[in-house]
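**Q** Below, each chain spelled out in residue letters.
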Amino acid sequence: MTTTTSSLPATRSTSNRAIDLLARLAPALFLVLLMVLFTTLAPRFLSTINLFNVLRQVSIYGILGVGMTFVILTRGIDLSVGALAAFTGLVAAVVAKGAVDTRLVLPWGGASWPWAALAAIAAGGLSGLLQGLIVSRLSVPSFVVTLGGMTVFRGLALIIGNGGPISGFSDSFGWWGRGMVGPVPAPVIAFLAVVVAAAIVLRSTPFGRAVYAVGSNPEAARLCGLDVNRVLTSVYVLTGLCAGLGGFILASRLNSAEAVAGTQYELNVIAAVVIGGTSLYGGAGGIVGTVIGTLLIGVLLNGLVILNVSPYVQQLLIGAIIVGAVVFDVSVKKQKR
Amino acid sequence: MAFLLASDGPRPSDATVLQAVGLSKSFFGQTVLAGASIALRGGEIRALLGENGAGKSTLINLLSGVHRPDSGTIVLDGRAVTLVRPVDAWRLGISTIRQEFSLFPDLSVAESLFAGNLPLGRYGTVDWSRMSDLAGAAIARLGYAIDPRRRLAELSVAEQQLVEIARALTHRSRLIIMDEPTASLSLSEVAHLKQVVRSLAAEGIAILFVSHRLEEVMDLCETYSVLRDGRLAAEGAIADTTIGDMVRSMVGRDIEAPDLSGRTSQGEVVLSVRGLSSPEGRSPPVRGVSFDLSRGEIVGLAGIVGAGRTEIARMIFGLDRIGAGSMAVRGRNFRPATPKEAIAAGLALVPEDRKKQGLFPERDVVENFAASRLGRLGASLFLNRRAERASLTTFIRQLDVRAPRLDASVSTLSGGNQQKVVLARWMALHPEILIVDEPTRGVDIAAKADVHRELRRLASQGVAILVISSDLPEVLAISDRILTMCAGRLTGEVPASEATEEDLMQLMTRDLSFTS
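Protein chains in written order, with the numbering used here: chain G, 772 to 1108; chain V, 5 to 520.
Same shape as in the complex, but just chain V (with noise of 0.2 angstroms):
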């Protein structure tokens, strides 16, 4: 087998990799995708966007022959291509970095780069140093050292994300599609993956990137694609363009800003948390964490993926074991065995992985909304569905939720839709204390308008709010006060008023392991 480089010499960068044209594609009668188009030159970095639903996956699918498209071309340098299956995308130079890794978590980096197409020595026998040797190279090209014998499950979601670049690179890739590659990255990591898009971009190979960030795509791209409804709604050069004016292309209306009035009320303290430590050989650690939460007020906790914050949010719960230290909920001691006791003091957590975590994809809204009252303690003898829809019907107002029907299965659903969804289950519960861990990933900017409008309504109604985000923007946009983390430890407390990007990002990290 012959390890292809990406570029096997320069290309000229304005030719045109691919051109789409006019697809459309209806699932089971609805149209999902509407004769869109789409082309890209070679070295050219464009950014799709819009709004989950929008019809950026189906697009994404049809690129990459996972779907065939009812009617519209795809033509890549030059030919028209149909693509029955994944792999004609793949043969042609077409690569997938999906949000969901495609590969193997068991084998090998070595094995999963080489992944159907391993170098074979003289007997038809896998030529493992050799494999070993081309997955350094590759991985290398990248910037990166990964011991290319590491199993893929061992490694971080950035480190798993390289590899898949990785893979793409072992052959002659014409097109990198990546869906959302930042999305679950800290932020040196998107730093460093930047730099990797930019020099694949210098090679002459076009990248799609499909990102909800904005303030990244006005840094990384060049141009822009915003589907709506399954239409292309907008496109252009980034640098002709603002973040207010692409949000308009994808709604189709105006975001209202967050009201920051009334931001500064200080009630009473109502969690305090005092030298919270995970216990020991806990990876990410925490280490000796103290804060209060106020009534209230809404708290940002920033860091870097793997800072500790979620693991803070998982002992507050009685989800992890408590190292060392103590809270207190009212000034009265708390140190919860099981969620179930934190729920009756008063928390609520929102937790970071709506899939994993977050909701039961075989039932029904309604049961994904109420299940929070299970664990209530007193709760009666029999449910009441009556009442958990009509509560549910409530909140669907309030949060503007897009449910068709509330019997039907939760992931029919769209991602904001859902995440509403466990808002809601847990301000059913009217907690005194309520944690959101990364509360808008994934989801749509309407959405997030309305998630982030609805925290800040319950903080006026006092309840103390703790936002755990890895989207400074947002975590500057609805705290009063944040608090910055790195490896595990409390680095800084700032209010939010006064805080800027570039603040947070140096207290986040500023690596206290060594000077205390």
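If we strip away everything but chain G, and leave its shape as in the complex, we get (with noise of 0.2 angstroms):
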């Protein structure tokens, strides 16, 4: 507001800052508490093995997390991604296999796991334009338009497989979820090589520049020159091949592509992405965070599991995590003002 930020002068800013800083440090520092506390409660917790696996089992959350970011940074959402990663891991199953039964015959027969992937990923990609479409040209909010997007992608997925799954895959298809490079697992470096793209493109290209820009203040971006509507567009189609890339691995780790897969995932990785201090209002937030945000969530699931809590609390301690780490983002934009 104009009249109480002029009323403060410009000397205000030291104590911002030090909110500032709180409030970018808060997911590290309860994601060290979290890990503190399951230590001592279970020592087992902190070995590389289980380390290792709760870096495995976040990877494709992340994954589909760095998409996600970008869409929120723009003020939208997109709730499809669990079910795109379902429906591309179809597609990825039927590329590798060449068929399902008798249906869905490839003329050229299976094909080996970079043309199942890239399929997947051109899946994802072309249904996040599709979406992005719809967001941007047609002024529809994201919320609705992967609302609906959810039902038809796993609609699609159920098409594919005729209800049911596709399994068993070549070796080569299946390291990708499974196999290791020394001690880190295959999807780890998957993940951490789209967080380091996207980390780059966000941080230092002039695109992540005009994402933060239309999350911020669209008409102004507009006025500056920057193409509002590409701008949009793009964000669900980086969801999209985040979520394909996500579908392939999945499929890959379970050795198998069905129609219920990645189901609620949204909650999951929009969780993550939020509890990683992304603002919901757009224009604040990155990739860090949700990298953050993500090892929150998986060493919360995983720990929760160690100490034999049960999953209906799980639940609840998670959705109860999500609206505090709003609450507390919108109370620090208070302190801010």
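Careful: at least some of the hints might be erroneous.
Short, incomplete list of chain V residues facing chain G, as computed with Cβ under 7 angstroms [claimed, not checked]:
(1) W132
(2) P343
(3) K344
(4) I347
(5) P355
(6) G362
(7) F364
(8) E366
(9) R367
(10) S376
(11) L378
(12) L387
(13) N388
(14) A391
Worth flagging that the hints you see were computed from the coordinates, not collected in a lab.
Note that beta-carbon positions come from the ideal geometry of N, C-alpha and C, so glycine has one too.
Make the complex out of the two chains shown on their own, each in a separate frame, by following the hints.
**A** Structure (structure tokens):
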């Protein structure tokens, strides 16, 4: 608010900086705290094997979360990522197998994993493009478009698999979900690669800056000569691409692709992004926060399992933490004003 | 509910209504108000002056119960009062009309007037017809007719403001605080508002009138208080002071008058606009506007709000579709479909509403400055933050921007400094044609002088500048040539050196719709 801003001289930024810093570090501090807590309660939590296990478990969330970060930065939301991962997983499976029973017989037969991965990523990207165009050109709220998309992609997945799973892939296909490089699980490597690429795009390219600008103030972004619609469309393409990669890795890890895979992933992914400090009001946040938020969710789920906490209670805790994170976000904004 | 009129009979106008003594307030250890005192008699119209950051808003917030003072007392009608929440101040008769209205855009005028106090019928349900009548009467008292059933969002800014004032009159107001009420009003609306304010004062209500427009203050107010750095810097009767004196107490130094020498240089035409009209059905419309803009000149575009000035700028900049007409930049046909194309052709637009159209509030100063580069053609693959920062630093020196930290959010800056950052954003592109829409609205006097000086400097370097402003002294001070508009048409063109405010006013109110 101009009025309040002007009543406080520029010097107030010192206290703002302290609040900013606290707000930025809060998710990381919470993560450390949680890890200390779990280690005290169950020392085997901190074992290398378990930690890599956590990382493996969160990799797919993390990959989806990277795409989601872009969307949320533009004030949008993508509820379709879980369904899209299932759909693209089935696309990958069909390409790898070359047929589903006697249906969907591809003339060139089964293909090697790169083609399967590419097909999944392309299908994800195209789906995202379609959703993005509806959001940007037709100005339909992303919540509605992707809520519909969620059902549509689930339906497509059911159609492809005829309701059942497609299982049994080659070892090279399965490596992306279950393989290791030294002690590091393969999905973790994919996650890291996506994170590094996205962080560079967001922080150091004009496109990344444009994403922030459009999220912060679309009208001002337009006046600055940005093609707001194109930026908006692009972020949905990005979540689609990420969902495609995630779908491929998910199918690879489970050695099976089916329509119910990735159910409710969107909730954990949105939770991770928001807990990581990306504002649902757009324009603020980033990839590092999403990584921390993803780890937080992973550590929480893993720790609760190790402590034998009922899965019902787990749901409750995650829900409470999401709301808590948003309350924190909002109250920090209030403080700053 | 009783519909109380503002005055239940004449009051002795010399009785002190409000006396605030030694008010102090700090936020996060920063003193914003340091023992400021102010007093108002019944029927007094007192101007509260000061630059942005001087503590005016905080003083208003203390008087209206938004914040509580760290120390000091507020005495209302001889009784010390403690204002914990805004509603306390409201109940005691202190009404505040803010720049950003606290009304409800989706409610009707009548509902807004009586929000929290709806007249009820026999069964505890809202008595709509009585509410409508009461609302109509309250607005009629201000000499206006607004249908009480209309939605707030459909009203003009001036009308919404009148509704706010009417709301203050629906109960017994002793003091009405008006925070820059004229900032977004047209001239005729300002004239009307002045009448309203005078009639309120005549009924014994004390008015605290915050404004950056000193001509207006000279005309309307009886007394003034100047805040500087959270302290009372000066106060007295308007009759005993001059604009120059008030400016000196606000700024604490002299403001140099703009250098008007060498402003007759007429270069080649860079932008020509011929018969520009907005598409059918646009409101406000633009009808067949033609003018030229030459290298190195500043052309002022004057007109009341709604005359179509901003709409012309938006069409030239590719923001709105063009209905008819043609444009040329350096003789080449120009019809931008997007701002990006306009930018590529060498245009820049500093928009009217800094907050809605200019700033990225979550982002830091550097990013806000560098935003215009993003839309430029041939941008490189990676950003160079160091270069951005270096470029910004030169502009900061040139424009005297007070920004303690460039990596702090732009919303930590004062309005004037924010405006300078937006201006710098466009200057960095080295435009040939610069359109500035209300360049100094809500900006303090020192920053205003800086902006004017900078515009003149740009013109002397050959930039063609179109200045849209509702501030006539500003238009007269910085333009070489002034175009006037009324109801979507150009109604006149005068050299600034020969124009007076009266001439301009006459041209700005000459509706040609009926004569042509």
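**Q** All hints are to be evaluated individually against the structure, with a verdict given for each.
**A** Taking the hints in turn, this is what the structure says about them:
| no. | hint | result |
| --- | --- | --- |
| 1 | W132 | violated (33 angstroms) |
| 2 | P343 | holds (5 angstroms) |
| 3 | K344 | holds (4 angstroms) |
| 4 | I347 | holds (4 angstroms) |
| 5 | P355 | holds (6 angstroms) |
| 6 | G362 | holds (6 angstroms) |
| 7 | F364 | holds (4 angstroms) |
| 8 | E366 | holds (4 angstroms) |
| 9 | R367 | holds (6 angstroms) |
| 10 | S376 | holds (5 angstroms) |
| 11 | L378 | holds (5 angstroms) |
| 12 | L387 | holds (5 angstroms) |
| 13 | N388 | violated (9 angstroms) |
| 14 | A391 | violated (13 angstroms) |
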